[in-house]
Each structure stands twice: as structure tokens, then as C-alpha cells.
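Heads up: the protein sequence lines correspond to chains A and B, in order. The first sequence begins at 1 in my numbering and counts up one residue at a time. The second sequence begins at 1 in my numbering and counts up one residue at a time.
Among the hints, a few may not be true.
Derived lysine-lysine pairs resembling DSSO-like cross-links, with alpha carbons at most 30 Å apart [said to hold, decoys possible]:
(1) B:K94 to A:K289
(2) B:K106 to A:K347
(3) A:K368 to B:K227
(4) A:K368 to B:K185
(5) A:K260 to B:K129
(6) A:K357 to B:K235
(7) A:K205 to A:K216
(8) A:K28 to B:K77
(9) A:K368 to B:K71
(10) B:K129 to A:K347
(11) B:K63 to A:K316
(12) B:K106 to A:K357
(13) A:K347 to B:K71
(14) A:K260 to B:K94
(15) B:K235 to B:K181
(16) B:K121 to A:K260
(17) A:K289 to B:K181
(18) A:K72 to A:K289
(19) A:K289 to B:K121
(20) A:K357 to B:K129
(21) B:K5 to A:K368
These aren't lab readings, by the way, just hints derived from the structure by calculation.
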Amino acid sequence: MSQPVKLPEISKADRERLAQTGIDLEMKNRCGRYLQMDQDVVHAECAEEGIEVLSYKKAMEKYDGLKEYAWKVVSPEKDEITKYVAAQKDPKGYVIIAHKGTNNIFPIQACLFLGREQIQHVHNIIIAEEGAELHIISGCSSGEHVGTGGMHYGVSEFYVKKNAKISFTMIHNWSENIEVYPRSASIVEENGVFLSNYVCMQPVKKVQMYPTATLKGANSVARFSSVVIATPGSYMDLGSRAILEGPGSSAELVTRAITKGGTILSRGHINGKTAGTRGHLECKGLILKDGLIYAVPEIEGSVVGTELSHEAAVGKLAREEIEYLMSRGLDEDEATATIIRGFLDVKISGLPEALQKQIDASIDEAEKSGF
Amino acid sequence: MLDIKNLHVKVGDKEVLHDINLHIGEGETHVLLGPNGSGKTTLLMTIMGYSQYTITEGKIVFKGEDVTNMKAHERAKRGVGMLFQRPPTISGLKLGKLLSAISRTKTEDIPELAKSLHMDKFLERDINKGFSGGEIKRSEVLQLTIQNPDFIMLDEPESGVDIENISLIGNAIGSLLEKDKHIAKRQKSGLIITHTGYILDYLETDRGHVMCDGQIKCHGNPREILKDIKQHGYKECLECRNP
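With the rest of the complex left out, here is chain A (with noise of 0.2 Å):
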């Protein structure tokens, strides 16, 4: 096995790559990170008081192995990838923990970045203790030089308690020869709120990922949005799923995808279980060039007073709204990538404006290039 990539390796190409994932390796208007370099914990830490940033192994020294969390919402039997994550004997990742009562004003970024290895494995926990507030920012990034190929394996715990919320942002930016395969699943507590974020403007060999949040407290609140370009040769396999149990509770799954050629799966299922829970499930989907979107939205509903519904619509740019932007002087292109640019963005009800901005950045990004 190769030496893991040291941080002042990183190359400038590489920083930039990290910079549009949302990663500031200067630290500017972030409270905390923590950055794996393949195997390699760089860094673990927090400014913050209350919140603590943890590589894996410290935290579970620190917290009698985290007993109540580790392995307690995603199962280690589940697939290939979590028997694989759960049989390492020197386990990585990151386990963040804010306590009761605590708020991040700036995000703490985590960044996961593949420069040699050729599978990266990751267990992270993330904890909002009662009336807290965690924003988290996870970059997720290979260096130039992965060149017969990489795949990242990442198990996410979320417990989100009572009152409390949690905002996870991830920005991917790997390359054609990465896989990735996100395992994560949340329970939120009463009055708790869970947004999830995930934006992959870049290609891809593969991402496979269905985070589910189970709302298990009375008006909890889960918000899943996806915005997603597949290139030629890239396979994304998304979903998000919400399960409906505290009465009064709620989710929305929102989703934009766009092909240029490549595959998208976009998946989604919100089951109420309980009277007086609401759900949405949304995905719109732009054929550029040939390629694939395939929506698969399920609802179920099994009680009286739940209320689901789901709109799903796949397309194509409207030549009327080009020749529109055209007869105001915008050219065809710079049409079109703004009626993309429009498709595309979506606002988050409930996130911090810091990473609001960070989201429409790294579209933003991607724009520049004329999608």
C-alpha cells in the first residue's frame, strides 16, 4: 500500500479542486475541521466551545466506544460497504458532537480528500445534542495524480435530539476514475430538524448513496435536496428517503438533475406512518444529451392523515425561453447556461446564508464553463 498524500503536498491544482468543494484550507469563516488525507487524519478540531471535532479513534477512546451511536442507525450488516467499513481494525473518520445548547455560526468543514489510496473508508457520528444547532460543510475531493482509479466508502451516523438541528452540506468533486459510496442514515428527535445537502457538478465514475432519516419525534423536519450533472461515463445512483413516524412530522426530497450523457438514478420514497405527517418528493430532470434520468419516486402512506405527494417531470430547454433571453441580447450559449443556471438553483429553506452561498458558488462554478 502507497504512503497516504501529506497536506503540504496538495498540490495547487488540488487546492483548487478542494476550494470548489466548499474546503477553505486557510480557515476563513469556518469554526472547525477535520481533514483526512486518505487514511491520514491532518486535522480534528473546533473553536468552538461545546463543540468537539474528534477523529473516530479519539472519540471512541474519549467516549467509552460511543455506545449509543456507533453502528445504532446504519447496520454494519447492511452491505459490502459497511462490513467493510465495521471490520477495519484502525477505523477512520470523524465524530462531531454538539452539545447541548450550543449554535456554529460558521460551518465546520470536514473534507475528505483521496490523493493515493486506493479505497478511503470513513465512519463518521455527528451529534446535536438538545437545543443545539450543527452546521457542517463536507468537501469531498481526489487529487490529479489518482490515476488507476480510487473509491471512497463513508458510513454517516446523524442523531439530531430534541429541538435540535443539523445542516449537512456535501459538495463532491472527484474524478472519472472515483467511486463513492455514502452510507448514511439520521434519526430525528422532537421538534429536531435535518437538512441535507448534496451538490456533484463534476464528473464521477460512480456515486452510489439512499440517506434515510427516520423523524421519530413529534414535528421533526427533514429536508433532502440533490443537485447533480452526470458527464459522459458518470453513474449516479441517488435517493433519499424519509420515514414519517412522530405525528406532525415532515420532509421534503428535492432534486435537479441534469445529463450531459451520463446516467442518473434518482430515487426517493417517503413513507408517512403517522396522522398529521406531510411529505413532498420533487424531481426535475433536464436531458442535455443523450444519457439517462431515471425517476423513481414512491410515496406510501398507510394511515388516515398523512399526506404525501410527489411531482417528477423529465425534459428539455425550452426553445421558447432561449429565444427569449436571446431577443434581450444574450447569445444562444449564454441562453442557455442561464435558463440552466436557473433549473438548478434551488433555496434552501432553513440554511445558514454561508452555505447558501457556498452551494450556489460551486453551481456557480460550473456555470462558468458553460455547464
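Given the structure of chain A, go ahead and fit chain B onto it with the hints provided.
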């Protein structure tokens, strides 16, 4: 400003405009009248350069340059502009962002111009999404104000607009067409489609044309033509079909 000669236009396989000839001089504003489906909007969209309208014969000359084969944005850059009757809704595209794209460099005037048309609260809204009739027209006028074209086509600027808004829109269009300038100094030209003629209460026009079955059938004083149409409808035009 604009010279249309012997223009024939097809949509799909069907010819919809036949042998159109029209001259609009610098500083002049003309009115285009005619029954529904007579081809008025088609003529405007053809002049704008929409690709679904195929010119099979004739030419369009703008400021001395043949623009017949130019795309819409090339015509727009040369000074052709249009107020659309039913512009599309574009999800996610904010009005403010489009205005910045239109103005390219001079974006500092946008908030004030938006305010003058009571559109300052719409800059962060998706273009035309949930806009009322009057709001759509104010958004169109605002876009045109920033675009500042030399030749402005207006497709039913008063449709769907209430009394209060019609004066706001009428006056704004009047200043776009430099109606506040002395007739000798006026350089902007216009072509207005109207059914009701209400817009003519806010700006003087120079000449009227009546379109019927894809042809311009007669010309004259716009108020006189309108008065006649109000009294008799398009009956006389229909009689024109088979002279």
C-alpha cells in the same frame, strides 16, 4: 429605421404572412391593427428573429443593414427590442439576474429603474412566475428600459393591465420612444399592436396599418382607423379578403 420588403413567412409548412411591405422611419411610431389570428404577432416575432418563423421570400432591413438571416440576439444587439404579450416563465431565473445580464456592465441603475416601475420587490422573483398581467408588462418594460433598443415592438402592451397600471406603463413606453423629445430630435421608433387602443391615450402615433389574413390591407391615420374599427368592427377588413 425599418424596411420590410416583399416578406413571405412560413410556420411549419404553411405560409402565414404574404408579401408584407412596411417602412418605419426614424422617430416614428406605427400602430398595427387587425382581427385575432391575422398575423400581427407573427410579424413582430419574425422581425425579432424567432427561429420558428421561416422567411421564404423578401427581406428585413434594419438601419440600412440586411438582418433577414440574423439570429434574435444579433438583431437585439443592433437595437431591435420587443415587449411580449405572453413572455415565458423561467423557473429559477431571477428578474434581477436577467436585468444584470441584459445591462452587462451598467448594473448600478437597476434598483432605481425597478423602483420607478414598482418592480423593486420582484428582482429576487423568478421571471413571470405568479406575476399578474400588469406585473408581466411592467417587467417587460423594465427589461426594455435597460436594454434601451432603438426600435421597439410592443405586442398588446395594455392587455391584462388595470387602469392604474396602464398610465404607468403607457408613460414608461412613451419615454422609451422619446415622446418627451421634440419630434425633430426623436430617434427611437416603434410598432405597437393594440386591440383596445387605450395605449394611444398615452402616446401619439404616426401611422396605422391593418392586417388581415397575413397581409397588410390598408394604411392611414391610426386614430381614424381605430375609430372606424370600433364602430364597424373588422367587417370592412373581412370584405377586403375577396376584393
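Structure-based check of all given hints:
no. : hint             : verdict
1   : B:K94 to A:K289  : holds, 25 Å
2   : B:K106 to A:K347 : holds, 27 Å
3   : A:K368 to B:K227 : violated, 54 Å
4   : A:K368 to B:K185 : violated, 42 Å
5   : A:K260 to B:K129 : holds, 27 Å
6   : A:K357 to B:K235 : violated, 60 Å
7   : A:K205 to A:K216 : violated, 35 Å
8   : A:K28 to B:K77   : violated, 42 Å
9   : A:K368 to B:K71  : holds, 23 Å
10  : B:K129 to A:K347 : holds, 16 Å
11  : B:K63 to A:K316  : violated, 36 Å
12  : B:K106 to A:K357 : holds, 24 Å
13  : A:K347 to B:K71  : violated, 34 Å
14  : A:K260 to B:K94  : holds, 24 Å
15  : B:K235 to B:K181 : violated, 38 Å
16  : B:K121 to A:K260 : violated, 35 Å
17  : A:K289 to B:K181 : violated, 51 Å
18  : A:K72 to A:K289  : violated, 42 Å
19  : A:K289 to B:K121 : violated, 37 Å
20  : A:K357 to B:K129 : holds, 23 Å
21  : B:K5 to A:K368   : violated, 42 Å
Checked against the numbered hints above, the structure breaks hints 3, 4, 6, 7, 8, 11, 13, 15, 16, 17, 18, 19 and 21 and satisfies the rest.
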